[in-house]
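A.B. asks: Take the sequences, apply the hints, and build the full model.
In order, the protein sequences belong to chains P and W. Just so you know, we're using full-length UniProt numbering here: the first sequence kicks off at 1 and counts up by one. Just so you know, we're using full-length UniProt numbering here: the second sequence kicks off at 1 and counts up by one.
If you're looking for bench data, these hints aren't it; they were derived computationally from the structure. Here the structure is a predicted model, which is why all the values come from computation and not from measurement. Don't take each hint at face value.
[To be verified] Covered by chain P, per the in silico footprint, the following chain W stretches (three or more residues, Cβ under 8 Å): (1) 88-98; (2) 101-108; (3) 144-154; (4) 167-173; (5) 274-280; (6) 284-297.
Quick reminder that beta carbons are idealized off the backbone N, C-alpha and C, glycines included.
There are 2 protein chains.
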Amino acid sequence: MPDKILIYSRFPKAELVRFGERYMLLNAAGKRPTEMFPADELAGIRAIITAGGTPLGGEAMDMLPSLGAIICYGTGYEGIDLAAAAKRGIAVGHSPGANASSVADIAAMLMLAAVRRLPVADNYVRSGDWVGRVPSPMMRPQAGMRGRKVGIFGLGEIGRKIAARAAAFETEVGYFSRTRYDVPYHYFPNLEALADWCSILVIAVRAGTETVGIVNADILRRLGNGGIVVNISRGSVVDEAALVAALTDHTIAGAGLDVFAREPHAPDALTALPNVVLTPHLGGHTLESHVAMQDCVLANLEAFFAGKPLPYRVKGT
Amino acid sequence: MPDKILIYSRFPKAELVRFGERYMLLNAAGKRPTEMFPADELAGIRAIITAGGTPLGGEAMDMLPSLGAIICYGTGYEGIDLAAAAKRGIAVGHSPGANASSVADIAAMLMLAAVRRLPVADNYVRSGDWVGRVPSPMMRPQAGMRGRKVGIFGLGEIGRKIAARAAAFETEVGYFSRTRYDVPYHYFPNLEALADWCSILVIAVRAGTETVGIVNADILRRLGNGGIVVNISRGSVVDEAALVAALTDHTIAGAGLDVFAREPHAPDALTALPNVVLTPHLGGHTLESHVAMQDCVLANLEAFFAGKPLPYRVKGT
Numbered sequence: 001m002p003d004k005i006l007i008y009s010r011f012p013k014a015e016l017v018r019f020g021e022r023y024m025l026l027n028a029a030g031k032r033p034t035e036m037f038p039a040d041e042l043a044g045i046r047a048i049i050t051a052g053g054t055p056l057g058g059e060a061m062d063m064l065p066s067l068g069a070i071i072c073y074g075t076g077y078e079g080i081d082l083a084a085a086a087k088r089g090i091a092v093g094h095s096p097g098a099n100a101s102s103v104a105d106i107a108a109m110l111m112l113a114a115v116r117r118l119p120v121a122d123n124y125v126r127s128g129d130w131v132g133r134v135p136s137p138m139m140r141p142q143a144g145m146r147g148r149k150v151g152i153f154g155l156g157e158i159g160r161k162i163a164a165r166a167a168a169f170e171t172e173v174g175y176f177s178r179t180r181y182d183v184p185y186h187y188f189p190n191l192e193a194l195a196d197w198c199s200i201l202v203i204a205v206r207a208g209t210e211t212v213g214i215v216n217a218d219i220l221r222r223l224g225n226g227g228i229v230v231n232i233s234r235g236s237v238v239d240e241a242a243l244v245a246a247l248t249d250h251t252i253a254g255a256g257l258d259v260f261a262r263e264p265h266a267p268d269a270l271t272a273l274p275n276v277v278l279t280p281h282l283g284g285h286t287l288e289s290h291v292a293m294q295d296c297v298l299a300n301l302e303a304f305f306a307g308k309p310l311p312y313r314v315k316g317t
Numbered sequence: 001m002p003d004k005i006l007i008y009s010r011f012p013k014a015e016l017v018r019f020g021e022r023y024m025l026l027n028a029a030g031k032r033p034t035e036m037f038p039a040d041e042l043a044g045i046r047a048i049i050t051a052g053g054t055p056l057g058g059e060a061m062d063m064l065p066s067l068g069a070i071i072c073y074g075t076g077y078e079g080i081d082l083a084a085a086a087k088r089g090i091a092v093g094h095s096p097g098a099n100a101s102s103v104a105d106i107a108a109m110l111m112l113a114a115v116r117r118l119p120v121a122d123n124y125v126r127s128g129d130w131v132g133r134v135p136s137p138m139m140r141p142q143a144g145m146r147g148r149k150v151g152i153f154g155l156g157e158i159g160r161k162i163a164a165r166a167a168a169f170e171t172e173v174g175y176f177s178r179t180r181y182d183v184p185y186h187y188f189p190n191l192e193a194l195a196d197w198c199s200i201l202v203i204a205v206r207a208g209t210e211t212v213g214i215v216n217a218d219i220l221r222r223l224g225n226g227g228i229v230v231n232i233s234r235g236s237v238v239d240e241a242a243l244v245a246a247l248t249d250h251t252i253a254g255a256g257l258d259v260f261a262r263e264p265h266a267p268d269a270l271t272a273l274p275n276v277v278l279t280p281h282l283g284g285h286t287l288e289s290h291v292a293m294q295d296c297v298l299a300n301l302e303a304f305f306a307g308k309p310l311p312y313r314v315k316g317t
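C.D. replies: Here is the structure:
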């Protein structure tokens, strides 16, 4: 009989197909497992698949007394209480880098679309305003990419791929990261210095408790009135109210956002703005990155049930 | 007294400021010069500034008996009857390469936005469909950029800049161009072979009578059902009816278009499609490329009035 896996978060069915071919799936689909399945069934569960952003603390772990592995589908694991998992001897795995190219592509797309005001431009054509020659202040020429200073906050695998893409647009690239790397980009020792230097700030840092609201009103003001913020990391990194205020009063020029503070909610004050480009957290959402993420999940599960260490274990667990 | 210049096409006032500082401008703003100005005033006009896409034939040239220079604001000059100009001894200038980076940026933006379906995604967030978890077939994961074959039709200055940008997205790049260059991209001897090979076709060829409708139903079919067409050249290069048909019946997956057959008109059948990204011919429309184009116009005018050859003369004139 195949091993049983509890699906903890809510996933589209298409993303679970390959897991279902190998394992017997109990799909809690984001609901409390004890409400969905009888206790004796949960007692046999040794591994779960979850989304990194879904909160999962010690209390939830204790619903599954045999739990030995928490496997995150994707790169992130910020919802997992790692200390609680460690205390219970539960291994935590994820899919490092599997979606890095797709996420970096979205970052570049949002950067270009915010700089060139794509939503306004697309609507200008579709609405008939173009053929009617309706004046639109939003369509006036703006500074483009060439010669722009692009600052990357966080130079992990995704940040590095964003830097490579940004450089192809004849820009200068700088970064702030906890670690200084041997890379051909300007290094800044803190976020303030990076924001003073750049006009486009791309947030690619791994989110955690220490990054909550770190891109605040002060950082935004430092970008200047041509400033553009791109966020493909987590909504928590940005003070969303400060961002809406900065966009509304033109402290900065625009934003491209794939992530939000309380997903899938995007504040009305944000969605009403013309100078933003918004995508529903689909950075890693390509066929090839789903296949790569599933490869990591399956490799982690196979190793776990074979009594081996997880090949894609969360660092420090 | 400053020399007089006739502004032949319609330009936004902001684009004429630097010319007005040096010359006395007679702004016909796209209307027939003889309707706007008395014949004796036109008789003294030795140079005009026009947009390359505006038709300008021998009959129009003959309204200006002293005309010696036609200066196109921008790279294109396809509206100018070069033979008629040559016959009358009129020099034709343009702004080669001045907007190449900005146009290549728009090409990359349209490519990414079409591949990742940005207009649908942005609308999914803004409309509240995301928070309402409304199912959207258009939001299912699609093939992204990594490993894609990107074909560039036309490898002039803009095409080369597009190739460099596309390569940064971990793609394979190929091209068809009249000339084979020493570049690290696959060369194809004709458009059919390029279309058979690639799934993203970016049109960057200089438009002319020999390229009219050359991207036709057959070429589109060769791209396959994951195919994406990006056009930043001229609308005339694409058989627009065939493109609308291919997008409607899913012969190809999507398109990103900055140019259209009859600008500023974009067919309703096109603007109604969800799988397209449309911009109102703003490829070269950045502050830095306008400054660079104006630099070329001013350098051409200065040389002409000094009796010297145009520094940015249209090749072969």
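A.B. asks: Which of the listed hints are broken here?
C.D. replies: Hint 1 is the one this structure does not satisfy, whereas the remaining hints hold.
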